[in-house]
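S.K.: Work out the full structure: start from the sequences and follow the hints.
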Amino acid sequence: MNKSPSEDAPRRQLTLFDTTCIIVGIIIGAGIYRSSPEIARLTPNTLLLLGLWLLGGLLSLLGALCYAELATAYPKAGGDYVYLTKALGRKVGFLFAWCQLWIVRPGSIGAMA
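With the first letter of the sequence shown counted as 1, position 20 gets the number 6 in my numbering; the numbers rise by one all the way through.
Heads up, some of the hints might be wrong.
Claimed, not checked - In the SDA-like style, the derived pairs of lysine to any residue whose C-alpha atoms are separated by at most 20 Å in a straight line are:
#, residue 1, residue 2
1, LYS72, LEU51
2, LYS72, PRO61
3, LYS72, TYR53
What the hints contain is simulated information worked out from the structure, not anything from laboratory work.
M.R.: This is the structure:
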């Protein structure tokens, strides 16, 4: 019972497995439970259903790998804003940031509510 506080503290780093599980949970989310029965009803056979899910997973993986490359190429805070500003200029980055703030994020939150 005489442990130092540092022994009881959680570790402050994530492994590759930890981060992979977090990203898979974000991408798949709880929507899989709502959309799966509908997609299964609309597809004629199970093999096509699995193929569609694999295709969706592959597209998500490709998108994630693109963002990983951008994050390594431009290691600054700001995400999409930084990438768009570098690629298309400050005006586009500015418009994107303000549209995100006033339209996209509130709309997304409203749709989830």
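S.K.: Taking the numbered hints from earlier one at a time, note which ones the structure violates and give those numbers from smallest to largest.
M.R.: none
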